[in-house]
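Enquirer: If you want the building blocks of each chain, they are given just below.
2 protein chains.
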Amino acid sequence: MTDLIENIPEILLMGPGPSCVPEEVYEALRAPTLGHLDPLFIEIMDETKERLRLVMKTDNDLTFPVSATGSAGMEACLVNLIEPGDRVLVLVNGVFGGRMAEIARRLGAEVDTLDVPWGKPVDPAEVERVVSKREYKVVSVVHAETSTGVRNPVEEIGPILKLRGALYVVDTVTSLGGIDVRCDEWGVDALYSGTQKCLSCPPGLSPVSFSQRALETIDRRKSKVPNWYLDMSLIKSYWEGKKRAYHHTAPINMIYALYRALGLVQAEGLENVFARHRKSHEHLAAGLREIGIEMFVEPAFRLPMLNAVRVPDGVDEAAVRSRLRESHRIEIGAGLGPLAGKIWRIGLMGHTSKEENVDRLLGAMRKVLGR
Amino acid sequence: MTDLIENIPEILLMGPGPSCVPEEVYEALRAPTLGHLDPLFIEIMDETKERLRLVMKTDNDLTFPVSATGSAGMEACLVNLIEPGDRVLVLVNGVFGGRMAEIARRLGAEVDTLDVPWGKPVDPAEVERVVSKREYKVVSVVHAETSTGVRNPVEEIGPILKLRGALYVVDTVTSLGGIDVRCDEWGVDALYSGTQKCLSCPPGLSPVSFSQRALETIDRRKSKVPNWYLDMSLIKSYWEGKKRAYHHTAPINMIYALYRALGLVQAEGLENVFARHRKSHEHLAAGLREIGIEMFVEPAFRLPMLNAVRVPDGVDEAAVRSRLRESHRIEIGAGLGPLAGKIWRIGLMGHTSKEENVDRLLGAMRKVLGR
Chain A
-15 MTDLIENIPE ILLMGPGPSC VPEEVYEALR APTLGHLDPL FIEIMDETKE RLRLVMKTDN
45 DLTFPVSATG SAGMEACLVN LIEPGDRVLV LVNGVFGGRM AEIARRLGAE VDTLDVPWGK
105 PVDPAEVERV VSKREYKVVS VVHAETSTGV RNPVEEIGPI LKLRGALYVV DTVTSLGGID
165 VRCDEWGVDA LYSGTQKCLS CPPGLSPVSF SQRALETIDR RKSKVPNWYL DMSLIKSYWE
225 GKKRAYHHTA PINMIYALYR ALGLVQAEGL ENVFARHRKS HEHLAAGLRE IGIEMFVEPA
285 FRLPMLNAVR VPDGVDEAAV RSRLRESHRI EIGAGLGPLA GKIWRIGLMG HTSKEENVDR
345 LLGAMRKVLG R
Chain B
-15 MTDLIENIPE ILLMGPGPSC VPEEVYEALR APTLGHLDPL FIEIMDETKE RLRLVMKTDN
45 DLTFPVSATG SAGMEACLVN LIEPGDRVLV LVNGVFGGRM AEIARRLGAE VDTLDVPWGK
105 PVDPAEVERV VSKREYKVVS VVHAETSTGV RNPVEEIGPI LKLRGALYVV DTVTSLGGID
165 VRCDEWGVDA LYSGTQKCLS CPPGLSPVSF SQRALETIDR RKSKVPNWYL DMSLIKSYWE
225 GKKRAYHHTA PINMIYALYR ALGLVQAEGL ENVFARHRKS HEHLAAGLRE IGIEMFVEPA
285 FRLPMLNAVR VPDGVDEAAV RSRLRESHRI EIGAGLGPLA GKIWRIGLMG HTSKEENVDR
345 LLGAMRKVLG R
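Residue numbers (this note's numbering), protein chains in the order written: chain A, -15 to 355; chain B, -15 to 355.
Keep in mind the hints are simulated off the structure, nothing from the lab.
As the structure is a computational prediction, the values presented were derived from the model and not from experiment.
Careful, some of the hints might be misleading.
Repeated chains share a single entry, so a pair holds when one copy, or any two copies, can fit it.
[Unchecked claim] Here are the computed lysine-lysine pairs in the DSS-like style, where the Cα-Cα straight-line distance is at most 30 Å:
#, residue 1, residue 2
1, K226, K326
2, K227, K338
3, K351, K117
4, K146, K41
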């Protein structure tokens, strides 16, 4: 029987995620599977929670990886906090903000959006203006908008919401482990992320964290969470406490990989990790300038790990991506939605984020574009 | 920094899942991560669907692994087919039937249950009686009730429902790959499973399949699926068709592992796999009888892969499990709910299901029980 897995080549993953996975993380992924209530596995769970708290900068008890990918983390945060009829404000400047609004609507919320042109950051003064006119139970925003390469000023929006009493939901799928995330200091009530971006782990889990205020909101719900799999009031008895109760069978080996990946981030040191992301980003921006490729986002709000760049006039963007993949074993990402065909998204996330990888991409781009 | 992964021992997994994972599957799990829209990964997706169709015995187009564990597969089947106010009948003779009813209620369905004592199978004549009195949009049942070790006569219930026009949802989490599952022949409209049972793959994915009639029901929905992550109308554009659209980032490496695990099942041959499960089950039942341990379920409805056995009088069941784990590196499972303390659940699933493993367990049981 043919086996397509045997010959999978090593691709330099410079798209919007997944990113390259270090050997040590692959090794952890294939460690012997334990039972989901095995005492050693419970130790690994507890230590994974502790490691997540360090990278998220939080003391929140309920901090753990949801057993599904990043979009399920988004759903988990919203479905637990929102009940039908709740007023929700979503700050939208890309695909993932739009997705939050869509999920909130499906949950029966009264959703308002503050729409900002794609490629621009959300303006905290605008948020202030909107929340002073109407009361919201939940306000949500994406920290690192993967569809545009924009960093939103999450740290400035938090204090504004605190004054109004709204719950603050923040998407850190692409930011966590690449730029500073300060869950507690910024007043975040529900935060979610993914493993396959700056944490350099394969996709499959979504780390989340809920504040005490978020948990109290969940306790006060009038209706049951309409999503059994993601109901925090049930899941927490598996992830917390002295006696663990079965809820669902956790993805054991993926949790090994996340545990190990978080260990690597800690061993390098968060500040060093952030500096490495900044440095390889600057190296990329300078190199692209030399071959006449412009960045899509203004410098102050550029994400170091997700570089949106303009496709030069007259270039067939799909053909370039395809040649990079076929002849150079490099993956870069296409634009999404209104940016399809107009930008490329070059990821420098986690283990991918090294100057030598940037040089390899620049060399390949020169060849493919003939510059 | 301590690393708990380095010293994970090889445990003989004889609980209710996860089961032992073959070396070849671990190797696939750690193959290089590809992008979720990489052309080679799309080939692997397509072949995984094809392999799932073979083991499920279906021609259903929409057959693929949901990006989360088995319980999310249950949720996926129900949340896509049920709208508020729909009448749903759940056949309940264990934890997992109960969970289906709970999920359906949370979705706003009018749920009736046909409750059968735990340890007994559902009686098709009873189903006939209930569905002849009231019309149901959806009827759901668990094929292999993991909490009790009972096989329900799914093949006899299907034709009854067909006459009434109800959609038939079947949980094959524990049965798939261990006993015969005939999705199309039995008239199943939505089927879900897990990877960590008889498919011998780590937990993390839930293979599902939807019939044409199920898809038409989804197309005719009045309300959007209140679960964005599991909305089949969105996910199918990632898993089907010539041009794949991003929905969420699939758990790449878990899909490699499932692909490989399904390949091993095919290479052995489904009939041989079923015979091996039967044989090691019979070997276990005979060996347990010798040391005075009785089976909980009557022979005709016993599951070969999940052996519920009565804890002998006066035995501290938790202490036995703990000694098996600590001194013999064997995991067996406890009873759930009303069966807690009364039964053990001994899994003989997939790669675990071998006579030599049964002998190892029997030897250890003799020592621990002093028999």
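Enquirer: For K146 and K41, with the copy left unspecified, which applies at a CA distance of at most 30 Å: within, between, both, or neither?
Expert: The answer is within: 18 Å in one copy meets 30 Å, while 55 Å across copies does not.
Enquirer: At most 30 Å between alpha carbons: which applies to K226 and K326, within, between, both or neither?
Expert: So K226 and K326 pass the 30 Å test across copies only (23 Å; inside, 53 Å).
Enquirer: Please sort K227 with K338 into within, between, both or neither, judging by C-alpha distance up to 30 Å.
Expert: neither (43 Å within a copy, 32 Å between copies)
Enquirer: How would you classify K351 and K117 at a CA-CA limit of 30 Å: within, between, both, or neither?
Expert: neither (54 Å within a copy, 73 Å between copies)
In this structure, the earlier hints numbered 2 and 3 are contradicted, and the remaining ones agree with it.
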